[in-house]
Amino acid sequence: MDWFYVKGILILSGINLMAVLGLSLLTGFTGLFSFGHAGFMAIGAYAAAFIGVNLGLPLIVSLLAGGLVAGIISLFIGRLTLKLKGDYFCIATLGFGEAIRLVLDNVQVFGGARGWPGIPIRIDLWNVVLINLAGIAFMISLVNSRHGRNMIAIREEELAAKTIGIDTFKYKMISLFTSAVYAGIAGGLVGYYTGFLQPKMFGMTKSTELTIIVIFGGIGSVSGSVLGALLLTALPELLRAFALWRLVAYGVAVIFIMISRPEGLMGGKEITFKGILRAIGFGHKHSKAREV
Amino acid sequence: MFKRPKRCVVTLLCLVLCLTLGISAALAAEQAKTVKLGWIGSLTGDQAVWGQCELNTVKMLAEELNDAGGLLGAKIEVIGYDTRGDAMEAVNCVRRLTGQDKVVCIIGPNASGQAIPISSILEEMKVPDIATVATNPKVTVVDGKTKPFNFRVCFIDPYQGAVAAGFAFDVLGLRKAAVLYDVADDYSQGLTEFFVKTFTEKGGTVVAKEAFKFGDTDFRPQLSKIKAANPDLIFMPYFFKEVALSSNQARELGIKCTLMGGDGWPSEVLIEMAKEAIEGSYVVNHLDFDDPDVMDFKARYIKKYNRQVELNGFLAHDAFLMFVDAVKRANSFDPVAIKNALETTNVKGITGTIRIDKDTHNPEGKEAAIIKIVDGNYIFQQKYAP
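In order, the protein sequence lines correspond to chains A and B. Note that the numbering used here has the first sequence beginning at 1, numbered continuously upward. Note that the numbering used here has the second sequence beginning at 293, numbered continuously upward.
Derived from the structure by calculation, the hints contain no laboratory data. Each residue gets a CB set at the ideal place from its N, CA and C atoms; glycine is no exception. There's no promise every hint is true.
Listed next, the stretches of chain B that the computed footprint assigns to chain A, with coverage defined by at least 3 CB atoms under 8 Å from CB atoms of chain A [what the hints assert, rightly or not]:
#1 389-396
#2 523-535
#3 553-559
If the Cβ cut is set under 8 Å, some of the chain A residues that face chain B in the computed set are [said to hold, decoys possible]:
#4 Arg122
#5 Gln198
#6 Glu270
No more than 30 Å apart at the CA atoms, straight line, and that leaves these computed lysine-lysine pairs for DSS-like [stated by the list, open to error]:
#7 A:Lys7 - B:Lys418
#8 B:Lys437 - A:Lys7
#9 B:Lys517 - B:Lys533
#10 B:Lys325 - A:Lys7
#11 A:Lys7 - B:Lys394
#12 B:Lys394 - B:Lys351
Put together the whole structure using the sequences plus the hints.
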């Protein structure tokens, strides 16, 4: 394997991971399915590119600004749609994602459907990794905080959560906002990695791909999302030997893993320091005791 | 206890994946004495028909060349990767081709959306690329700067739009045009923009400009508006599937004016689906299908693969020709030498004379072929340059 090629896959995994982390909070921890996250990515991508190219701000500022724009738009969407329950919310996000893409297709300022070439390339592996580490750290602390627990409570039983005094609407909004910011940053990374943006890149397939990664990694697990993003981004590349049948093989592999592990790779568990220590021999007794 | 075997299966699956990868890498290393030519494009997805034809063409030509003694004494090995029409995948493919497979040149992709994002990788690895049907001007020139390693073998959208508009205005003498286009498609938007520009500059009027989006099957609302505007001509710059549906619906609504399209039209499927509706329509194409050289290539292709050649095959043929010519003149397989030779290309291909302009990396002055559909056949009318 050539490092130059592997590096490309890793950068792409990192970009996907950013979006997946956000979606993991919304879907995995708050229990809201979204099929429109590519829409937030698109908003973030165009906003970050616009701010970086036209105002000449540094990379990290433009990425955060891109994320913030996506987040602010998510607040409007959330206000309108988060009162919807279950499937209805899902359909609303689906419509939102497609709407964003079509709006961008029509806005000629950003090149419309023909795309926006000539964005300076500023992404390399090291800054993607740094951004990812920061993203993971923030996500873990959020999930383990009081707010994170409130979100999990909403996922488990919304009515009960309401009864014990959790402002479910507020927490859903926070969850949606945070996940949109993550998706926006991921979108910004796309633009600064390829140097080219086109609304087509953020279609329905992208949204479903993200959702698949979250479910594949395991609902309600940050480390599952990390593993899922790495594996599922690399998988199509590993299957290149199948040529025409590559995507069929990809689909079969995903179906197979989902059948054999319906709870996803991590299934709501996390890879922790304690867990790793236990796995390599320390605290052996403890684990045996649990198995019994 | 129940979960263990399943976990085993998952591990096994991962192992198998790693193995296939290892084996393919080992195989690649074994054939180091040959020279590798890369190809990227859609082998899967909605553009698979064209991509598969391109790869088949390039493979066939490489085989023929190898049988005839190879190129500069070396055998050409074609490595083709699927992008499934995705920009990010295209970037991965090019990284793999340039980093791992060490190809000397890349042919493809067929879409501008994939040809643009790969340019930074090409520049980093210093490998030239010849795009087949990427017609967006920005594939080779962005903000007045030529991309050093991007080339193309086809004419560009402004040219094609100008040809269509010029032919309609000057030759057919039509003055009122309507445009129906796919707003979600970069190719369609580009062609529309330049058609409208040229047609109005010449003094014609665009009486209606209606949009649909990819995946639509009902065009009656837009067509009704177009009918109300009473144009002499409807320009339909999109792909044959939508052309078939929209032209049938236009005739149903009683629109009798001439229809005209670009290089998204030519396909046997279009004739099958809309033979009556498109009778007498004009198509701007890259080549004359009945040219003897084209016929010869077509016959070889059909003999080998037992299917029809799609339009992209002809351009892939000429891209391969450009590559061979550049290698011969450079007398070397060094990618940078090939790139320098490509800049002064002047060869006669089956789609016309390809004279690459050093400043734009486009084939300049390549004439378009105007084709009329008569009795379900694509009949060549004339070469036309605006």
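Right, here's what the structure says about each hint:
no., hint, result
1, 389-396, "holds (count 3)"
2, 523-535, "violated (count 0)"
3, 553-559, "violated (count 0)"
4, Arg122, "violated, 11 Å"
5, Gln198, "holds, 5 Å"
6, Glu270, "violated, 17 Å"
7, A:Lys7 - B:Lys418, "holds, 18 Å"
8, B:Lys437 - A:Lys7, "holds, 28 Å"
9, B:Lys517 - B:Lys533, "holds, 21 Å"
10, B:Lys325 - A:Lys7, "holds, 27 Å"
11, A:Lys7 - B:Lys394, "holds, 16 Å"
12, B:Lys394 - B:Lys351, "holds, 18 Å"
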